[in-house]
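Residue numbers (this note's numbering), protein chains in the order written: chain A, 1 to 298; chain B, 299 to 634; chain C, 635 to 972.
Some hints here could point you the wrong way.
[As the list claims (entries may be wrong)] Under the rule of at most 30 Å between Cα atoms (straight-line distance), these lysine-lysine pairs were calculated in the DSBU-like manner:
no., chain 1, residue 1, chain 2, residue 2
1, C, 760, B, 326
2, B, 305, C, 879
3, C, 760, C, 879
4, B, 416, C, 760
5, B, 368, C, 879
6, B, 606, B, 326
7, B, 368, B, 606
8, C, 760, B, 395
9, B, 416, B, 395
10, B, 368, C, 760
11, B, 368, B, 395
12, C, 879, B, 416
13, B, 305, B, 395
14, B, 326, B, 368
15, C, 879, B, 395
FYI, nobody ran anything at the bench for these hints, they're computed from the structure.
Okay, here's what each chain looks like letter by letter:
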Amino acid sequence: MTMTVPGERSLTALAMLRSRLHFLWYLTRRSPLTVVGFLIILLVIIMVIGAPLIAPYDPNKVMLSSRLLPPSSIHWFGTDEVGRDLFSRVVYGSRASCGAAFMIVFISMSVGVFLGCLSGVVGGMFDSAMMRTMDVVLALPALVLAMALAAALGPSLFNSMLAVAIVRIPAYVRLSRGQTLSLRERIFVKASRTFGASNLYILRWHLLPNALSPLIVQATLDLGGIVLIAAALSFIGLGAQPPTAEWGALVSSGRSFILDQWWYGTFPGLAILVTAMGCNLLGDGIRDMLDPRLGPSE
Amino acid sequence: MTDIGMKPHALSIENLSLEFPTYDGAVKALDGVTIQVGNAEIVGLVGESGCGKSVTTMAATRLLPEGRYKITQGTIRLFGRDPTVMSDEDLQQVRGKLVSTIFQEPMNALNPTIRIGKQLVGVIRRHEAISRAAAETVAANILSDMLIPEPSRIMQAYPFELSGGMRQRVLIAMAFSCNPGLIIADEPTTALDVTVQAAILRLIQGRARRTGTSVVFISHNIAVVSQICDRLYIMYAGRIVESGPTRAVLDSPQHPYTRALLRCLPERVQPKAQLESIPGTVPNLLDPPAGCFYRPRCLEADERCHAKPQSTTLTGGQVVACWQRSKSQTHVSNEA
Amino acid sequence: MTIARIIVPRFILLFFVVFGVAIITFTISHLIPGDPARMIAGDRASAETLENVRRDLGLDRPVTDQFVIYVRDLVHGDLGTSLRTRRPVATDIATFLPATLELGFISLVLAVLIGVPLGVFSAIYKDGPIDQIARTISVCGISMPVFWFGMVVILLFYAKLQILPGSGRLAMEFASPQRVTGFFLIDTLLEGRFDAFLSAVRHLILPTFVLAFANLGVITRQIRASMLDVLQEDYIRTARASGLKRRAIIFNHALRNALIPSITLLGLAMGDLLYGAVLTETIFAWPGMGTYVVTSIQTLDFPAIMGFTVVASIGYVLINLLIDLAYMLADPQIREVG
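Kindly produce the complete structure, drawing on both the sequences and the hints.
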């Protein structure tokens with residue numbers, strides 16, 4: 001009997017692999033754009049993690065002898081006004097740009113989900129006050145507020161991140177409160193309450209784990225927009241400050257050279273576009289897959 | 299069996315098999331379904347939800363989502379014409395004029411942002427070359443024929459201002475508005491209150507008898523259907539398991555499934571006796587069992603049931619697809 | 635009276651929102667490191683001057699008093715004085731607002747005119763070639779960094795092809811028209827200067843295209859989604875089963891019902907439009923509110939930044955209120971029953 005066990009195990013592993021591959025193949029046929037989005041995000045992640053391995057030069061190394069060189073086999077994206085290699089700067093820029101976007105989503109989601117679940121569990125006056133406050137903030141143009149806030153905090157990548165994260169909080173509060181309210185009525189939560197579980201216990205063990213998956217989908221969908229916003233704030237001078245390599249800031253410096261050195265601003269901008277597109281394509285794909293109504297057309 | 303020279307059947311479906319391709323494989327929704335609906339005949343189509351009743355009629359009117367299903371065999375004839383090869387234009391002419399459908403959900407089956415009158419007039423003027431005023435008169439007449447009080451006021455109303463029963467009457471009026479030869483009533487009373495159900499049934503039956511309209515009446519409730527139908531078809535898991543004149547089917551049900559359905563009716567059970575339900579569930583049509591689909595739930599099943607049962611025609615015009623019935627019968631036919 | 639039941643809470647919310655903006659901007663103004671009196675008086679001002687400025691600004695009073703004064707000034711339309719231009723912020727905004735409105739309005743119309751049909755056809759021919767094209771355009775629009783797209787467009791049409799101007803509202807040789815509406819398209823025509831009008835049109839093409847493109851994506855996606863929702867409704871099946879023509883079903887039954895929920899989206903799109911306008915104006919040196927606020931940010935001109943925030947927020951809230959009212963009028967269920 002012991003002889004067959006390893007064989008069986010590898011058989012199931014093989015079957016699983018085959019069913020995974022089959023699913024990927026199905027997805028590729030059904031929704032090629034989702035797969036494209038997935039591949040883009042995969043590439044971006046590799047770029048963020050492996051930046052030192054991928055970038056051929058030190059992104060901050062000044063080489064005054066090779067200023068503003070056009071793209072070539074030596075400098076794929078050309079060089080900037082002090083001779084830094086733009087390809088290396090774009091590769092390293094992914095760390096600042098994508099890292100900022102990720103942090104923004106992470107901060108706003110953690111705070112928003114905590115407040116939203118708390119509001120839903122506690123209820124009463126606390127809930128009303130919380131939701132009215134969120135209504136007021138949601139009724140305002142979020143990005144204009146973020147700009148004002150970032151300006152007040154002082155221009156830096158961290159401050160602009162904080163500003164965008166703050167204005168994004170209400171959306172998550174609302175979403176997670178709705179989740180909490182519907183979950184609260186479910187039997188297992190009610191049962192737990194009859195056993196005398198505290199609000200915090202219910203929040204931690206029943207509500208958070210169950211509310212999480214729709215929130216993560218939402219966060220994936222948000223990521224694309226946040227990449228754009230973070231880059232835009234850097235572009236108008238509120239985010240990353242020179243000489244930090246960040247995509248929005250790179251486009252901003254490239255702007256002065258756009259008429260004669262087109263490559264300077266073009267490549268970092270392209271990186272923003274492609275990354276945002278990857279997030280949006282993947283997010284749309286995931287949402288469609290989870291949508292039970294996805295089916296008959298006409 | 300179709301006699302040459304005679305008027306064609308309102309609806310004639312022969313040996314129809316249909317499947318929906320999905321990620322997990324093909325769902326075989328219909329398997330060799332045969333249904334004949336004569337002129338001015340009211341026919342019931344009965345079965346649990348998901349057994350293919352609606353799919354059958356929607357295939358006949360081509361209302362299934364295009365490109366998402368595949369007819370693997372069989373033929374469909376609507377008044378002698380094949381809907382599967384019609385042009386879109388022809389199909390639109392046929393729908394509403396020759397055959398119209400009453401759907402189950404009166405809540406959403408009317409457009410919420412358009413007044414009732416306008417929706418009715420739209421359908422009437424699509425098929426009849428008459429003025430708006432004339433169409434409004436026709437609409438008002440048919441509404442009052444459906445026992446709707448103050449038709450002119452109702453025509454000014456939006457759907458959400460009417461009760462469910464009222465909305466269902468409007469839908470029936472809409473279905474009858476162009477005097478079609480065939481009406482498909484897809485569970486038209488299921489969503490309604492029991493007291494309203496009977497009245498709606500009478501309305502459909504009355505109007506159909508007066509105008510000589512054929513009706514296919516779909517329901518999961520054999521008692522409801524038997525009140526107004528001339529003949530019954532019992533469906534199970536995409537197959538017709540039994541058919542015949544209503545009286546014959548009710549008095550001597552042949553298929554074990556039909557009998558089980560009848561045993562489940564509260565009105566047929568002695569007071570204080572146990573109300574029955576059929577154990578088990580409908581088979582998964584992605585991977586149906588071999589032989590008779592009802593076998594896993596059937597109390598009378600034996601070895602023969604592992605093969606697909608043939609249809610047997612009994613003397614009273616009843617047709618049954620069950621091995622247990624065919625043993626005593628000598629006349630085995632495959633006309634299906 | 636039933637509509638009142640919906641409108642009254644909206645106005646109450648509006649009141650709180652305006653109050654909320656006041657609190658937020660007031661708080662932000664007090665968060666700023668540094669002494670505002672010093673900023674106004676300049677580095678070399680004497681202690682006495684500083685004291686005077688402080689008293690003029692009310693900075694010597696308690697914070698609550700300062701807030702009351704701030705709100706009172708806001709109500710009277712006093713947004714403070716710009717540190718950079720030395721003019722009242724309200725005057726500055728009034729100067730720059732029409733340019734932004736002209737750019738924003740034309741872009742919005744453009745985006746709606748292209749985005750709505752694109753979304754509708756995309757939904758009707760779901761998964762077909764039209765749908766694939768429309769979805770690609772829409773994803774590009776949504777993912778496009780506006781500031782970069784503007785730059786690329788300038789590079790292409792201004793620098794390389796040299797067929798369109800890349801900055802400003804009018805060519806150098808034309809004087810700005812006398813201000814009547816503040817919209818150059820109207821004012822130049824009022825003066826009968828057709829050549830100036832054409833120049834204004836030419837200057838509008840690139841910025842409106844860039845701004846419209848970003849919003850086009852959002853609009854197309856929304857219309858497509860709600861059209862797909864509507865097309866699988868029961869009443870569409872009823873209409874099909876009644877033999878209505880495909881065109882009649884799409885235009886009389888589906889489109890209308892798909893557009894009603896999209897009205898609300900239009901209000902939210904205003905937020906994107908506003909923010910997109912800030913970036914577009916910066917790139918095209920368009921003398922509007924966006925350029926004004928970005929310059930103010932770069933020079934740390936806080937009264938100007940907060941003034942812009944207040945005006946933009948209240949404008950945004952008011953527009954959304956109007957849109958909600960339009961939504962109620964469009965939906966018979968709300969209109970007739972409430």
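These are the hints, each one checked on the structure:
1. Between residue 760 of chain C and residue 326 of chain B, the direct Cα distance comes to roughly 25 Å. Compliance with the 30 Å bound is thereby established for this hinted pair.
2. Restraint check for residue 305 of chain B and residue 879 of chain C: satisfied, since their Cα atoms lie roughly 29 Å apart, inside the 30 Å limit.
3. A C-alpha spacing of about 19 Å is found between residue 760 of chain C and residue 879 of chain C, which places the hinted pair at or below 30 Å, so the restraint holds.
4. A hinted pair counts as satisfied when its Cα atoms are at most 30 Å apart, and residue 416 of chain B with residue 760 of chain C qualifies at roughly 29 Å.
5. Between residue 368 of chain B and residue 879 of chain C the CA atoms are separated by roughly 25 Å; this keeps the pair inside 30 Å, and the hint holds.
6. Straight-line distance between C-alpha atoms of residue 606 of chain B and residue 326 of chain B comes to about 15 Å, which keeps the hinted pair within the 30 Å bound.
7. For the proposed pair residue 368 of chain B and residue 606 of chain B, the alpha carbon gap of about 22 Å is at most 30 Å, so the pair holds.
8. Of the supplied pair hints, the one linking residue 760 of chain C and residue 395 of chain B holds, its CA atoms being roughly 29 Å apart against a limit of 30 Å.
9. About 18 Å separates the Cα atoms of residue 416 of chain B and residue 395 of chain B, which keeps this hinted pair within 30 Å; it holds.
10. With a C-alpha separation of about 19 Å, the suggested pair residue 368 of chain B and residue 760 of chain C falls inside the 30 Å cut-off, and the hint holds.
11. Between the alpha carbons of residue 368 of chain B and residue 395 of chain B the distance comes to roughly 26 Å, so the proposed pair stays at or under 30 Å and holds.
12. Under the criterion of a C-alpha separation no larger than 30 Å, the hint pairing residue 879 of chain C with residue 416 of chain B is consistent with the structure, at around 15 Å.
13. About 18 Å separates the Cα atoms of residue 305 of chain B and residue 395 of chain B, which keeps this hinted pair within 30 Å; it holds.
14. Proximity of residue 326 of chain B to residue 368 of chain B is assessed by CA-CA distance (about 10 Å); at most 30 Å being required, the pair is judged to hold.
15. A hinted pair counts as satisfied when its Cα atoms are at most 30 Å apart, and residue 879 of chain C with residue 395 of chain B qualifies at roughly 13 Å.
Violated hints for the displayed structure: none, as all numbered hints are satisfied.
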